[in-house]
Amino acid sequence: MNFKLFTLTSILLTASLSGCLDGKSSDNQNIECTTLSAGHDDDGKLRILTYDVLALNDSMIESFETATGIEIEFIKESDAGGILDQMMLTKEAQQADLMIGLDNSYLQTAIENCLLRETLFTQSPQYQNISSSSLEAYQGKLAIPFDQGTVCLNYDENFVDGENITIPTSLWNLTEPQWNGKTSFPSPLSSSPGRAFMLATIDYFESDADEQTDAFDWWEKMSENDATFTSGWSESYETHYTGGYGEYTVGHIGDSHLTVSYCHSPGVEAYYSSNYTHSTSLELPKTSFHQVEYTGIINGAANVAGAEQFIEYLLSNDVNSMMPENNLMYSVLVNSSLPETDGFRHHADIATTTAEIPLVRIEMEMEQWLANWKEATQ
Amino acid sequence: MNKENLEQVISIKNLSKEFEGNKIFTNLNLNVENNQIIAILGPSGCGKTTMLRMICGLEICENDSIYFKGQDICELNSNGEIGFIFQKPILFPHLNVGKNILLGSNVKSDKKTNIEIIKKELEFIGLPGYSKRKIESLSGGEAQRVVLARALLAKPKLLLLDEPFSALDVKSRRKLVIETRKLLKSRKMTAIHVTHDKEEAELVADIVLHWEDLCSQNKTE
Amino acid sequence: MLTSKDRTLISNSIQWTVIIAFALTIILPLLYAIMRLEAVTGMSSLDSVISFFTLTETKEALRFTLLESLFSVILTLIIGLPLAWQLGRYEWKHISIIRSLISIPFVMPAIVAAMGFLALIDQGGPLDKIGIDLRTESGIIGNISSVTGIENTGHFIALVIAHAWFNISLVVRMVEPTLSTMDPRWEEQIRLLPAGNSRLGRVKNLWLPFIGPAIACASALCFVFSFTSFALVKWLTPTKSTLESLMADSGGTAGIYNYRIDTSEIVLAVCLVQLIILVTALAITSRLQRKHSLRHAIVSESSARKSRGKASFFGKAVLIGGLIFTLLPLILVAISSFVVRTVKNGTISSDFTLDAWKNAWQGDNSTLSIPEALSNSLIYALITLIFSIIIGWIIASSINRLENSGNMKLAKIVDMISLAPLAISAVMIGLGILLGILRWNPAMFNWFLIPVIPHVLLTTPFVVRVMLPAIRSLDISFEEQAKMLGLSPTKVWIHSRLSFLLGPLAVSSSLTIAFSLGEFGATWILVRSGSWDTLSILVDQLMGQPKFNPLVYPMAMASATVLMALTFVLFLLAEKVRPDGEGSGF
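Residue numbers (the numbering used here), protein chains in the order written: chain A, 1 to 378; chain B, 1 to 221; chain C, 1 to 586.
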């Protein structure tokens, strides 16, 4: 039995190695991707692979369906990581046509694995209305940005008031006893804000004076200081964080006074609570990360035409300018800003210095970083 | 096939039966003629039941030993030509008395005719009005009578009875034995009735045969 | 014209074809999945098992799984034995109703149980009102937590209680009949002997030998079910992983070359280790079950009960407590579906409203409506039913046939094959299909009926378990008599087999539909998004959504209520048809 298994394994291994050696070297930017045939029959429906993107609310979908006559069906994953996983899973027989929600920390992997195909949108006049900051990370034809935001640490001013708990001036403060069990982070393995924040910490610790320690030493200390790790953003923000709307939801635990969210999240809180919030962002250089979310046509889509139409719709002035209200994120269009209503803009914070890591480096080292993170937080 | 053979409903020559290396009986010879009721008298466990089961095909068949109306039994399919009455009355509990009886009829007919048939049979066996009764409500004797009616309705060429009255009390048994003979005779049945009770054998049969005369027994000493 | 020899040959061939096809459907996908994972990770199975004990994640998961399973078994016995004792020894009016009620948890979908216990431990829920806060761990639970130093003790306690809830019916169903048919004179006599003078003596010399095997068997099964529990772990202890939930979380990215190899390594290692543990556990269980089925029934149940009379006040309290425990989580699920928490001017108010039901019934662009999910569930369940009943019946018949012809070894092998899916957890079966079949032929992703395969695999063992004793007890005389009457082979089959098996058929049908409706682990692996969601998956999906929409939570509860009601109805039907007095379990 052992010999047979060994032989079988060796054969499979050799076969797979030979298969994986072509076109996968990571220093080769221009990978030859072939356009795959449709994974399923085109029945006229547009299947969108996404997570709970709020912008895709009923009225928005219905007006698209009415205007174009195309029926939409969603394949919903729990988060951005799920979107990438699903595309990888069904690579040879893609179930969806359009993906919405991969961000700049996941995008390169999708591109390297030939999961996306080129869209014609870059030739459309509306493409010129996209701000340069949104296009900074990626300007190609495989993905179009549709919203953006800066991932920040948020803390609850009711508790972190300088008396009970001091406002951190360095990330190392969070490893002190006063913060024990009071922080909550979404996991970079599955959550895109979580991943963005992890990237920020990598840059933060690389840029600080201390050359002995890196981000994962800090994560290890955080784990020892009983930080909570959740799989998704909403669990961290809603169930654990005391500063947000989670207070009023069923199942709220409320044991954390600091968490990962967006710098403009306090603005969102105010927007929904008549200009009142006790949450604010942590002003600390290189602890925030500019996140851009993308949409793109999946390689192997059946309804390519429908997908193109939806991209245009998502990036249209009407829809995209409403990103703050409908999606609680910034629009990608030039000259767009947050509304004044109920202190949305007033309470939204703007990060002074964001962390930066080039997209290519993200793709090269992400798997190793995730392994390190896992190891550090066990 | 000559005329003499056709008269013989059953002809058994030199039949033997083994079970797990032990011989149950050897050299069994038996001839049963048309319209005869034969009783075979023998102690319990000597193989009488096995012989009956071999005749009707419930046991694995031995070539060239048992002939039914001139044909080797191994080449026949069971099609109701040989009826069998078990020691305990086998009535199907999901059917009432009437429907159980009707199972014996292999002629398709409409509801009205069926009711008539059931009525007739019930009267024949002395249980009028029992048609809708449930099987569980019958006494042992009543049950065997229903079994008998069903078996006769199938109009078999040969009826085998395997100690059908052994479970009844003496009084009921006597009564039922006499009735059974009456029923069998009135339908001109050929039957082999197996029992260990001498009185029963003498009451029911035309001819009483002794098991020891029919075959050599396996002596276990 | 077919002779009976021909007919036997054909039916035997069909039986063997079905058995072999069934065995292959269990083994092949799993084998293929393991091979693929070995190829992707570059590790052999042996290396993988060794690496299991080096990875912190897997070691932690194993530790937690063993811990919760053991505690679950202990708690199940603590709650279940007194119940079985009271139920088995004394006279009770409406005992069949009581037995039925106690068995409800076992057939309930795991996700419904998860919702029930979430509602139970929630802030403002019944437990919280009496000072036991398992959710946020204030008060007593917080103290226990800080004393033991175990993180999230409250969640752990909630999980263990939930498992006990699920499994008390196993203990009651296995121990109670043994108790109730014991001759009371045994007890009287042993009291007079020196060995039975003390309570301890009686326990040692009478009770342990008598109901020991039944308890051991129930414990082993309880261990296996707690070990492979998924939905409950997912929702009650979200920060912890068991082996099963670890596999499920990692499963979505496993088996892909050069992508998240770490998940492939985990899935391979966990799968192998869990297989080893489960096969061992089930081997022990089948050994114990054989011991247990040596019937000691000497007296009729009713006379034994009469001699002991009615239960004391304490006994009645135990039973009522047990019944409340059984029904409370389910009642809470139903109630929670009508309660919507809204925030008005900074204060939380709870309103009773049908809004959640209305929303859930309509669905929207992103979530399936209850009727749509329900119809998916029912379609899967009915198709599963057809396959499981046919396959299960054929397997049970062949086991019986082999036993009758003296071929005990072969009969045992077929019996084990029929039980094999239980040794493979639901998630593993789902992963086997995902990695084994789907990666090999991705076009099958389009196949709506894919979830039927794991459903059939997971329900057939129960069909066999119910049908086999019934088939064994068939009196062959009926078949012989029917043949002698000259009935056609079809009619012989109808009157001598089918009509006797209608009861067991109805029971196994109900169980099959109920288990298919409630199946979560395998379905979750295969159908997590889109229009194929079943009701179970819908509940999970809804609960996973952000809750700033206050309707989300009661919508999930509404879906769970529909699932619960459906299961309940099916269960009642099965109980009605189950022959009385046959108190023994599966």
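Keep in mind that the hints were calculated from the coordinates and are not lab data. Heads up, some of the hints might be wrong.
[Stated by the list, open to error] In the SDA-like style, the derived pairs of lysine to any residue whose C-alpha atoms are separated by at most 25 Å in a straight line are:
| hint | chain 1 | residue 1 | chain 2 | residue 2 |
| --- | --- | --- | --- | --- |
| 1 | B | Lys157 | B | His94 |
| 2 | A | Lys374 | C | Thr153 |
| 3 | B | Lys69 | C | Lys576 |
| 4 | C | Lys5 | B | Lys99 |
| 5 | B | Lys155 | B | Ile115 |
| 6 | A | Lys374 | C | Pro238 |
| 7 | A | Lys91 | C | Asp475 |
| 8 | A | Lys374 | C | Arg341 |
| 9 | B | Lys155 | C | Gly321 |
| 10 | C | Lys59 | A | Asn173 |
| 11 | A | Lys374 | C | Thr54 |
| 12 | C | Lys5 | B | Glu20 |
| 13 | C | Lys306 | C | Leu282 |
| 14 | A | Lys374 | C | Leu502 |
| 15 | A | Lys91 | C | Pro238 |
| 16 | C | Lys491 | B | Glu20 |
| 17 | C | Lys576 | B | Cys61 |
| 18 | B | Lys99 | C | Thr54 |
| 19 | B | Lys23 | C | Val49 |
| 20 | B | Lys112 | B | Gly126 |
| 21 | A | Lys374 | A | Asn173 |
| 22 | B | Lys23 | C | Asn407 |
| 23 | A | Lys221 | C | Leu502 |
| 24 | C | Lys59 | A | Glu71 |
| 25 | B | Lys155 | B | Ser109 |
| 26 | B | Lys132 | C | Leu502 |
| 27 | B | Lys13 | B | Asn27 |
| 28 | A | Lys374 | C | Asn152 |
| 29 | B | Lys88 | C | Asp475 |
| 30 | B | Lys23 | B | Gly45 |
| 31 | A | Lys374 | C | Val49 |
| 32 | B | Lys188 | B | Glu20 |
| 33 | C | Lys576 | C | Ile261 |
| 34 | A | Lys91 | A | Glu71 |
| 35 | B | Lys88 | C | Arg401 |
| 36 | A | Lys221 | A | Gly140 |
[Claimed, not checked] Which residues of chain A face chain C? A few of them, derived with a C-beta cut under 10 Å, are:
| hint | residue |
| --- | --- |
| 37 | Ala67 |
| 38 | Thr68 |
| 39 | Gly69 |
| 40 | Ile70 |
Cβ coordinates follow ideal geometry from the N, Cα and C atoms, glycine included.
Subject >> Hints the structure fails to honour >> reply: Violated: hints 1, 3, 4, 7, 8, 9, 10, 13, 14, 15, 16, 17, 18, 19, 23, 24, 32, 33, 36, 37, 38, 39 and 40.
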